[in-house]
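Could you build all of it, start to finish, from the sequences and the hints given here?
2 protein chains.
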Amino acid sequence: MLCQLSSFLAEMPRQFPKLNISEVDEQVRLLAEKVFAKVLREEDSKDALSLFTVPEDCPIGQKEAKERELQKELAEQQSVETAKRKKSFKMIRSQSLSLQIPSQEWKAPSANPVLSPATPVLPSTFLPVQVPYDVPEFQRVSISGDYCAGVTVDDYEQAAKSLVKALLIREKYSRLAYHRFPRTTSQYLCSMQDEKWKVEDEVYPDFHSPPEENEDPYNLDDAPDNLDYVIKIKGGIPFVYDNKEMMELNEPRSLPYPDLETYTLDLSHVLALIADGPTKTYCHRRLNFLESKFSLHEMLNEMSEFKELKSNPHRDFYNVRKVDTHIHAAACMNQKHLLRFIKHTYQTEPDRIVAEKKGKKMTLKQVFESLHMDPYDLTVDSLDVHAGRQTFHRFDKFNSKYNPVGASELRDLYLKTENYIGGEYFARMVKEVARELEESKYQYTEPRLSIYGRSPDEWLNLAKWFIKHKVYSPNMRWIIQVPRIYDIFRSKNILPSFGKMLENIFVPLFEATINPKDHKELHLFLKYVTGFDSVDDESKHSGHMFSDKSLNPDLWTSEKNPPYSYYLYYMYEEPSFFHHYPIVPLNADCGGVWFFFLQSPVLQYLYYLAQIPIAMSPLSNNSLFLEYSKNPLREFLHKGLHVSLSTDDPMQFHYTKEALMEEYAIAAQVWKLSTCDLCEIARNSVLQSGLSDKEKQKFLGVNYCKEGPEGNDIRKTNVAQIRMAFRYETLCNELSFLSDAMRTEEISTLSK
Amino acid sequence: MLCQLSSFLAEMPRQFPKLNISEVDEQVRLLAEKVFAKVLREEDSKDALSLFTVPEDCPIGQKEAKERELQKELAEQQSVETAKRKKSFKMIRSQSLSLQIPSQEWKAPSANPVLSPATPVLPSTFLPVQVPYDVPEFQRVSISGDYCAGVTVDDYEQAAKSLVKALLIREKYSRLAYHRFPRTTSQYLCSMQDEKWKVEDEVYPDFHSPPEENEDPYNLDDAPDNLDYVIKIKGGIPFVYDNKEMMELNEPRSLPYPDLETYTLDLSHVLALIADGPTKTYCHRRLNFLESKFSLHEMLNEMSEFKELKSNPHRDFYNVRKVDTHIHAAACMNQKHLLRFIKHTYQTEPDRIVAEKKGKKMTLKQVFESLHMDPYDLTVDSLDVHAGRQTFHRFDKFNSKYNPVGASELRDLYLKTENYIGGEYFARMVKEVARELEESKYQYTEPRLSIYGRSPDEWLNLAKWFIKHKVYSPNMRWIIQVPRIYDIFRSKNILPSFGKMLENIFVPLFEATINPKDHKELHLFLKYVTGFDSVDDESKHSGHMFSDKSLNPDLWTSEKNPPYSYYLYYMYEEPSFFHHYPIVPLNADCGGVWFFFLQSPVLQYLYYLAQIPIAMSPLSNNSLFLEYSKNPLREFLHKGLHVSLSTDDPMQFHYTKEALMEEYAIAAQVWKLSTCDLCEIARNSVLQSGLSDKEKQKFLGVNYCKEGPEGNDIRKTNVAQIRMAFRYETLCNELSFLSDAMRTEEISTLSK
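Protein chains in written order, with numbering that gives the first Met the number 0: chain A, 0 to 751; chain B, 0 to 751.
Read the hints as simulated data drawn from the structure, not as lab findings. Check each hint, because a few of them may be wrong.
You can't tell identical chains apart in this list, so a pair holds if it fits in one copy or across any two.
The calculated DSBU-like cross-link candidates involving lysine-lysine, where the alpha carbons are at most 35 angstroms apart (straight line), are [said to hold, decoys possible]:
no.: 1; residue 1: K356; residue 2: K306
no.: 2; residue 1: K83; residue 2: K292
no.: 3; residue 1: K671; residue 2: K292
no.: 4; residue 1: K629; residue 2: K306
no.: 5; residue 1: K559; residue 2: K195
no.: 6; residue 1: K415; residue 2: K160
no.: 7; residue 1: K243; residue 2: K359
no.: 8; residue 1: K309; residue 2: K357
no.: 9; residue 1: K656; residue 2: K548
Please read all numbers here as calculations on a predicted model, not as lab measurements.
Spelled out as structure tokens, the structure:
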């Protein structure tokens, strides 16, 4: 995390192109507002989906929709112009089919055709696929004979253009945040814009490598020199000055950040796209196709994939690396573990002073006495931290489950980093979890700790907790989550404005980055922090639509909570490292509101094309709002979305000591996933994680940055090369459809 | 196991009443044959169920059935006689409602009425329930106003009589086999026959207590004295003589066994019942009622039950005892465990001689070389012992999964008790599994070992293996399973007849029982053996219907396998300890053919009334023939059937180290089972198990033999007393319906 901050400040950063409001149709903005408002208002009811989804279960609606499509098609057939365009699309298609796979020296397909347009067009199924990589023979599924069945030429073009635009937006923000954007998609986007794709232009997250075995992970002395820049946050936007004089002159360094207007416009574009008819239909069809294509692939190649795995020496599902990409530190131990720990402390140190209440110091024994409890009698039932039927659709009840025995005193004592004993008990439990991971060797985890923004000391306290209790583990990286509870702090008068909250969260970060020697502890802790997220009870909504007309954070002093998009913008635009898509979180944990967003075929398809990581926790969902067997994980995996499995809260949702394995086991059992499926999910989880480049090379293979079979080392991942080839060629195929649609000039030439 | 054999031989046993063929209508026999043949022939197709089930998904069929019922009801209404009988049933019903719960001094309800028939009948819902036990207040569901809604008086009487008869059959065979038969049901049966129920008459399985901590579990010197009886098996029936002289005089001791005629008649009665219209309808209605009643109970009392558990000190789901009641020893370790063990042996003792092939001794290294394998490269994929999609509906493929890497050499070396190294590797792995159980403290298991009946030495070899490798564990008891593969042995000419197979299986057993001093090893081993079962690929069928006309075992010399019922009879009638219902196994593992049998409402209802243990392995089923979410476990549990959870084959079906916990966790997650549900299943598993009386008292409470809340110690089982009361009162209610129907004389008196 630190490295990226530094590179922002040290290098001359890429300028962020500013968009002007006039470029965008006001209509788009209005539509976007409507979409957003509708989700927020009606998310719980089925109605909320009507804007997003294509009616699956209403026969009349389906019939009507089909009728309309047919009419459009018939109308098109009568137009000579359209017929010509259709024909040329078909030609382009058959040609690009043999050229789908981009090579390192990627050029736009049209520039270097294998078949000149004059050559009689062979059905592509008969063309030998020219692949630049070694892969065992398998049966490929390809469709020939149409440019894109079931959509009119106009709709196809419109959908493709909108999707390409959305992808470009995603790419822009990924670059800014040093997020991985898939190379293949990037290559296609370049070629569509007639730009040359260069490997040097690629942006990667740059995570800190873990210390070597003989290095001290708590060494405070290697902090780099201070830069002595000066930082100031104004209206929620940080400004960095070379020194005090420059600040007084109001001459900040030029930093790339999306200005408010651009951000809201981009947001509007994506939101409007969700409800755009042709795009919706196109995406829906493509997703259905992806799902069926995978079924076919599975039917044809299941045994070949398994053969590959069987002959892959030494590596199996148990010893491929898996990362738990979404887990809350305060619930990372299971309920039995917490119970055992509580009993243990009571047995071994009952007379230790562990709390202070109204100025009176209390021993552990006294704490339990005040709660009228004997720890010997405590059980997981009385502890009551496990989610059950009572929590289904009840986020409010669920949140109270974090209090053992319903007592916030015990939560404070055992599950917090800041308390009378300096968070020692919590640290000890986290370390016990870490030891188990280290023993199991192949499992990693990215627990989440909270920064609230109540006070500027929070960061330092967290860093001190980390160092004092030696919480570092090679199998752990840390994510910081910011609960979106400004409204609570404001109503208790802890904060004067939203702007102050942003300051509390970000100023310490900037200072530690600019002057590491002055903030050695925080600088050290940040080495092991790999991401940021914001969290809330996702069933609550503010109802406010974020726009460039919204108040700036310093003026946001009401007790109302700002909307998610507002949080997102101000937490994103801090030149940082946020895992967020303009409107949907990068590491979407498929819960609450995002679950509904992902039911939109447009967003789902964009997630596919941009291979946006999705961390799913079906067991957590199962307890909260979605029955296990109805969870879309299997469907997403089949379609080729970039899914991983995570536990969310082992304390609440898991029974065995091996929570992540339990999560995998249940998914495997309920959905009959193959070993290859499981290993693909595990590989995804490593890619999505904040493990360093060095570790990823070790766990996935040295070429992991490449895509397709070339980027896969089966000896490390146990993912069949056939599967990799299938995924890669399928992605290329989808992108080539977009690419074909963009070649409009060519089309007009061809159709003459 | 031993104790029971001895008591048979030592005490003067109960005589087994013989039935005469003429007592039974030939029609019943024919119907039984038809039912049996139909199941065997068509089990796989949906059709097979038509005889058993009530049409659920065919609206026309349902409507027609309803119409018919209505016509019958209307016809009855016109009869004055029936109207009278109906009225008296209602009176008896309202009266017996207040008397449903039998007390220790149980008498027939009619003998001691609380309300005399003359008293105006109050709706029973307003009567305070008089319960002889303490139970927290809860909301009871009771139905008043009809004797038994939706069934005609005639049908009701006919169904009740048939069911009572079937229960008496079950009770008879349970007594013979020293099986537990539920006390409540027994009390009702007594009262129906105007007999006095006495606690002394109860029969219990008498399992050997485990040795004390300071005792040597392998002490061969405490074998009791020889009895010097003589044993001889003739025509598959064992005869025991006081001595050789008596044998020559052909004067055997009188032993209770069901003669062939009686057995086949009883079998026919139960089979015919399955297809009996009125009984089918009645059972179907009662089962539906049981399910709905539980839903209602759950809705009303879920929180009260949970409150009980929360205030239950020290005990929770993790530290209640659970027994894995169905698990194969040769697959009791998970795939990763087996893999690790193989690698470990190869690393530590490659040069040890472990096999002999065609007279040539082979080291471990040579074994692997001959298979062209390097154990370092081995993975769970190449090991290929895990069930997957390929095994679904494929028992044949599934069975070959027992061969690691497809090599029977490795199975012989690692998973057998008889091989060059005397089964040492297998013993070591089993002991590793045992150590883990002992550490986890609360989990017990009953692994199954095979006796094939190929040679009379098998028993001794097994006993020697057990003693030599010190396989005893306080957390394990052993079940012997006999694969039904006579046909294979016969075709290889290993056995001359089925009779010889029976001899090989049973003569050593009898001899060790009669003369323990001469068979010390086997006598010792049998102390830890608690049951018998027979197994086969249940998708195969012989097509032969067993009857008293079937050949006797000595004459069964064909290569055809005898039918299951034939196996069952001859293995059951050995005066023994078999866990079998005349036609359905007591510890029904819900797989294969039994799954189809349990879809018969009649059998299902009988299983309920007789509380016959059912060990279910949904994960195993999931891999073999039934999708997890469609597994009937939840439904069975709700209805009140006596279900437990078992793993079957952790090697094939489980991912984590804690296979039984994984099984419970998945069930809890997929079906949202409450803690009380889970603890009820765990309690069932202990009751079903072969743990000794002493252990059961410790794990379930000293009164575990009593039924209802009195028999439950919540501090040990963590099952809510409310749940126990609900189950108990519900069973009493069901039995009282049967009891009411039997009071026909009374009815005629009342209706005058």
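Hint check:
For the homomeric pair K356 and K306, the shortest alpha-carbon distance between copies (29 angstroms) is at most 35 angstroms, but the shortest distance inside one copy (64 angstroms) is not. For the identical chains of this complex, K83 and K292 are intra-copy neighbours only, at 29 angstroms inside a copy versus 69 angstroms across copies, given an alpha-carbon limit of 35 angstroms. For the identical chains of this complex, K671 and K292 are neighbours both inside a copy (18 angstroms) and across copies (34 angstroms), given an alpha-carbon limit of 35 angstroms. When the C-alpha separation of K629 and K306 is checked against a cutoff of 35 angstroms, the pair qualifies both within a copy, at 31 angstroms, and between copies, at 31 angstroms.
In the homo-oligomer, the alpha carbons of K559 and K195 never lie at most 35 angstroms apart, since the shortest distance is 48 angstroms inside one protomer and 75 angstroms across protomers. Neither within a single protomer nor between protomers do K415 and K160 lie at most 35 angstroms apart by alpha-carbon distance, with minima of 49 angstroms and 66 angstroms respectively. Taking the shortest Cα distances, K243 and K359 never come within 35 angstroms of each other, neither inside one copy (46 angstroms) nor across copies (89 angstroms). For the homomeric pair K309 and K357, the shortest alpha-carbon distance between copies (30 angstroms) is at most 35 angstroms, but the shortest distance inside one copy (65 angstroms) is not.
Taking identical chains as interchangeable, the C-alpha atoms of K656 and K548 are never at most 35 angstroms apart, the minima being 51 angstroms within one chain and 57 angstroms between chains.
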